[in-house]
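Number of protein chains: 2
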Amino acid sequence: MLSDQIARMIEQMLDERGGSLELQRNELAQSLGCVPSQISYVITSRFTPERGYLIESRRGGGGHIRIVRKKMHRDEYLMHFFYAIGKRLEDREARAYLVNLLDNDVITEREAVIITNAASDAALGSIAPEGRAIVRADIFKRILLSLMQ
Amino acid sequence: MLSDQIARMIEQMLDERGGSLELQRNELAQSLGCVPSQISYVITSRFTPERGYLIESRRGGGGHIRIVRKKMHRDEYLMHFFYAIGKRLEDREARAYLVNLLDNDVITEREAVIITNAASDAALGSIAPEGRAIVRADIFKRILLSLMQ
DNA sequence: TGACTTTGACTTTCCCTGACTTTCATTTTA
DNA sequence: TAAAATGAAAGTCAGGGAAAGTCAAAGTCA
Numbered sequence: 000m001l002s003d004q005i006a007r008m009i010e011q012m013l014d015e016r017g018g019s020l021e022l023q024r025n026e027l028a029q030s031l032g033c034v035p036s037q038i039s040y041v042i043t044s045r046f047t048p049e050r051g052y053l054i055e056s057r058r059g060g061g062g063h064i065r066i067v068r069k070k071m072h073r074d075e076y077l078m079h080f081f082y083a084i085g086k087r088l089e090d091r092e093a094r095a096y097l098v099n100l101l102d103n104d105v106i107t108e109r110e111a112v113i114i115t116n117a118a119s120d121a122a123l124g125s126i127a128p129e130g131r132a133i134v135r136a137d138i139f140k141r142i143l144l145s146l147m148q
Numbered sequence: 000m001l002s003d004q005i006a007r008m009i010e011q012m013l014d015e016r017g018g019s020l021e022l023q024r025n026e027l028a029q030s031l032g033c034v035p036s037q038i039s040y041v042i043t044s045r046f047t048p049e050r051g052y053l054i055e056s057r058r059g060g061g062g063h064i065r066i067v068r069k070k071m072h073r074d075e076y077l078m079h080f081f082y083a084i085g086k087r088l089e090d091r092e093a094r095a096y097l098v099n100l101l102d103n104d105v106i107t108e109r110e111a112v113i114i115t116n117a118a119s120d121a122a123l124g125s126i127a128p129e130g131r132a133i134v135r136a137d138i139f140k141r142i143l144l145s146l147m148q
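Those sequence lines, one after another, are chains A and B.
Reading the first sequence from the start, the letters are residues 0 to 148 in numbering that gives the first Met the number 0.
Reading the second sequence from the start, the letters are residues 0 to 148 in numbering that gives the first Met the number 0.
Check each hint, because a few of them may be wrong.
For identical chains, the list gives no copy identity; a pair is met inside one copy or between any two copies.
The calculated SDA-like cross-link candidates involving lysine to any residue, where the alpha carbons are at most 20 Å apart (straight line), are [what the hints assert, rightly or not]: (1) K140 x R109; (2) K140 x D3; (3) K86 x L31; (4) K69 x V112; (5) K140 x R7; (6) K69 x R109; (7) K86 x E10; (8) K140 x R58; (9) K140 x A111.
No lab work stands behind these hints: they were computed from the structure.
Please work from the sequences and hints to get the whole structure.
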């Protein structure tokens with residue numbers, strides 16, 4: 000399959016370059032004889048943050064796509080919480096999680112403060128009350144993922 | 000890329016002169032072999048207030064462009080940003096702010112990562128796209144406030 | 001059948017240029 | 001000497017080109 004081939008190629012380039020690389024979408028597509036958006040598809044479907052990759056890009060002349068492989072020595076703590084959080088997360092629960100993470104030196108106090116505020120009802124005030132717990136859960140998961148490196 | 004080169008050159012001059020400088024657009028363009036409006040483009044796209052620069056200029060004979068890199072202290076910085084953020088905050092703007100806060104040692108890299116993720120479109124995925132910038136602005140302001148203490 | 005792939009048309013972003021406009025200081029003119 | 005002309009800057013804007021992003025439709029495979 001084309002996608003697999005592209006993914007393998009990118010993996011190999013990452014290996015050669017110690018985990019990060021910059022590529023040009025059109026160029027790579029050209030050399031593989033595929034359509035440029037195929038490259039986009041592979042990157043968005045395979046090189047996701049969940050699987051430990053960071054993507055950034057720039058459009059326009061001389062643009063590029065940058066892929067970085069995060070060294071995921073999986074912190075089981077974070078994983079544990081990640082999977083423990085369901086579709087919704089109430090303010091109270093969130094605070095409990097943070098205390099736990101703080102107690103276990105997974106985050107600093109300042110970081111806890113930041114996260115508390117980011118996910119506070121106050122910050123999410125423009126969202127309908129029923130929706131807040133959902134957004135809060137998403138924010139939390141996103142942060143936990145970002146801390147797993 | 001020409002723009003990057005020009006931006007680097009200006010940054011370097013700023014470093015050498017302790018954070019502020021006066022340049023002549025035509026002269027600089029000449030020495031770089033580019034069109035004068037290219038300099039304007041770089042200045043308006045890269046040396047924005049969001050990134051902590053002040054621009055003033057004068058036309059006519061002996062005119063010039065003055066660039067000042069604002070050096071503020073922690074709380075001033077936070078205050079400045081707090082007031083700069085309006086009702087909405089786009090992803091792109093948010094990142095620019097964070098880079099600035101990071102560069103000025105107001106936040107750590109990990110904190111920047113946390114905030115980036117907390118306010119990412121991905122984390123706010125359950126909100127309608129038009130609403131995200133509003134929530135993002137709220138989250139940011141909340142976090143900035145929490146850091147001023 | 002349903003999830004994943006592939007494609008291509010269209011959109012957005014960014015860079016770069018050049019023509020034209022505005023502003024300011026200096027010089028010339030009435 | 002006041003007003004007008006001149007010239008030297010910077011500002012603006014539209015347009016073209018290059019690259020990546022998006023999305024829906026069609027195709028494939030388990």
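query = What are the numbers of the hints that this structure violates, sorted from low to high?
reply = Result: hints 2, 3, 5, 7, 8 break, sorted rising.
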